[in-house]
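The residues making up each chain are set out below.
Protein chains: 2
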Amino acid sequence: MGGDHGPSVIIPAVARAVKRLDGRDVRYLLHGDEAAIRECLASVGDVASLCEVRHSDRVIAMDEKPAVALRRGKGTSLWNAIEAVKTGHANGAVSAGNTGALMAVSKLLLRMQSPGLERPAIVASWPTLKGITAVLDVGANVTSDAEQLVEFAIMGEAFHQAVHGSTKPTIGLLNVGSEDVKGHEEVREAHKLLREGGFDFDYRGFVEGDDIAKGTVDVVVTDGFTGNIALKTAEGTARFISTLMKDALTAGPMSRMGALLALPSLKRMRARIDPSAINGGPLLGLNGIVVKSHGGADAKGFANAIKVAADLAASNYAQRIARNMERLDAAIHAAPEAETVA
Amino acid sequence: MGGDHGPSVIIPAVARAVKRLDGRDVRYLLHGDEAAIRECLASVGDVASLCEVRHSDRVIAMDEKPAVALRRGKGTSLWNAIEAVKTGHANGAVSAGNTGALMAVSKLLLRMQSPGLERPAIVASWPTLKGITAVLDVGANVTSDAEQLVEFAIMGEAFHQAVHGSTKPTIGLLNVGSEDVKGHEEVREAHKLLREGGFDFDYRGFVEGDDIAKGTVDVVVTDGFTGNIALKTAEGTARFISTLMKDALTAGPMSRMGALLALPSLKRMRARIDPSAINGGPLLGLNGIVVKSHGGADAKGFANAIKVAADLAASNYAQRIARNMERLDAAIHAAPEAETVA
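Line by line, the protein sequences are chains A and B. Residue numbering for the first sequence follows our numbering, starting at 1 and increasing by one per position. Residue numbering for the second sequence follows our numbering, starting at 1 and increasing by one per position.
Everything labelled a hint here was simulated from the structure, so no lab data went into it. In this text, a Cβ means the ideal position worked out from N, Cα and C, and glycines have one as well. Do not take every clue at face value.
[Said to hold, decoys possible] Reference listing, derived: stretches of chain A covered by chain B, where coverage requires no fewer than 3 residues with Cβ under 8 Å from a Cβ of chain B: (1) 45–54; (2) 160–168; (3) 235–244; (4) 260–273.
With the rest of the complex left out, here is chain A (with noise of 0.2 Å):
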């Protein structure tokens, strides 16, 4: 029920979603209200016998407060879904809802793998020069410490794997040099752990804003403050620069016509950075799988995040999480303890 557009746009994306993921075993609960639903199933071909209708009578609005959806959220078609994670009725949610709410839900219900973490992380799936790059967090925990930063390391590994496919992801920390000693305390404790923890993985030391673009590394770690300025700058930047492209190739005759004879070269390139070919991207740290959908999303968009909800149902993933967070544990019992002053 949930985003701008609810089952005319979350039903149509389920039917893409069972042709793109023809072969693989998967089924749909879908979580709302059953007669919406039904209507919108009749119109899309022949996948409701994948797809098992859960009516629920109420909505968390998108702009309801997170701790109201937790007061009076049970019953909701989000809470429904949630707790089918929990239950082990479903291995996975996705959701185009509201985000707060669903952060809220999912961590009472599901709650969080680690202790450390104030919330779940957002990751983004970044188009660079090279692939994907998944940058985390975008967004959802405002201050991190060392621990956290080595923790969103550990999770964005395991999902660039799961999701986009990478057999041995690279991992950069993000910071404003490349030496040793640059940046705040928090960066620099992780970058030590991250080098000397053991870890599964391969990391690659500091990383600056412009390697997030060039795809320098497969996976960018940073705190939910700068995560998030440093996504909404980008989308910004892209936007910008489009609207004078635009402007550029619309202005006077010439250009049109040039624009026109470039235009079946300008649309592969928009693909590259289409946003429905990104979206849906998992609440981290929690004990399941719960995926986000931007939610204007498209059809093709919300079908993307369904891929990546089985992508991850269908991997690893969480063992690889557990396995590298037992060594972050024996890294951090490991270190001395600072000294006591009586």
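Dock chain B against the given chain A, drawing on the hints supplied.
Structure of chain B alone, referenced to chain A:
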């Protein structure tokens, strides 16, 4: 002598600046190897009458550590240029040299205006849909408390007015959302100070990463860690999209023909995001004007950095800053002190 090219670019840049600043009484002290400077001067026409060469035997290398520059910097061209500001022989210094050394020597010789600032802040002039937005700090102060963030606002406002010609610049504080409760403690406290401090500028509250390129405000304030990463992320994104665009417009004969037709418009577009046109940012917070040019700047770019210094020197920049700094001081001392627990 600084930058990637030394006098072979700096002297032609002076010649450009002389033309651009025609009618304003600007004269030039040129610090460095006299023979090399005179040779370059001979080939740029009639500017020697406005220039005075101050010979120095030594230079600070581009890769010299700041600590070394401080120890052995005396008598180098960079040192002498800053010293001329200190002694009042020059109204400002412009350098394309080693950034760390320039900061360290400037701080030593000119001292910081405010004891709170660890080192000078760097301001970036950012092209936006509406003009130029000043973003600071973009690199020097890795952590910034609320008071420092307010100081950035004060200095950025005076800079925007002096250099980009706004009469009443608008200020925004970079955050991960627009509500008062968003962000970490430092930004929330700075937000309160900026709203209630009675400053002589137009504070508009929190802005997000995508507001920078939109040009929502004239001055965007943030700590040096976030600002540096935002700037480099934007540069990376711009390069990424330009690369895709170039690939698209050279893919096959039809696209190439189209690009050719649109070329004049595309060139006009490039001019809007030409780095030379925005080169030169002052080191803010010093008792004196020091402008840093990009090391790789061409003559047009370095001429722009000279114009920045001339604009600052001709403005009431220092007085504006001093007045608002007094207000900040009053606001901080008016605030009730935290209770002391025995």
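### Task
Report holds or violated for chain B covering the region 235–244 of chain A, Cβ cut-off 8 Å, minimum 3 residues.
holds (count 10)
### Query
Do at least three Cβ atoms from the region 160–168 of chain A come closer than 8 Å to Cβ atoms of chain B?
Check failed, 0 qualifying residues.
### Message
How does the region 260–273 of chain A fare against chain B when you require at least three residues with a CB closer than 8 Å, holds or violated?
### Response
Coverage by chain B holds here, the residue count being 11 at a Cβ distance below 8 Å.
### Task
Examine the region 45–54 of chain A: at least three residues should have C-beta closer than 8 Å to a C-beta of chain B.
violated (count 0)
In summary, the numbered hints that this structure violates are 1, 2.
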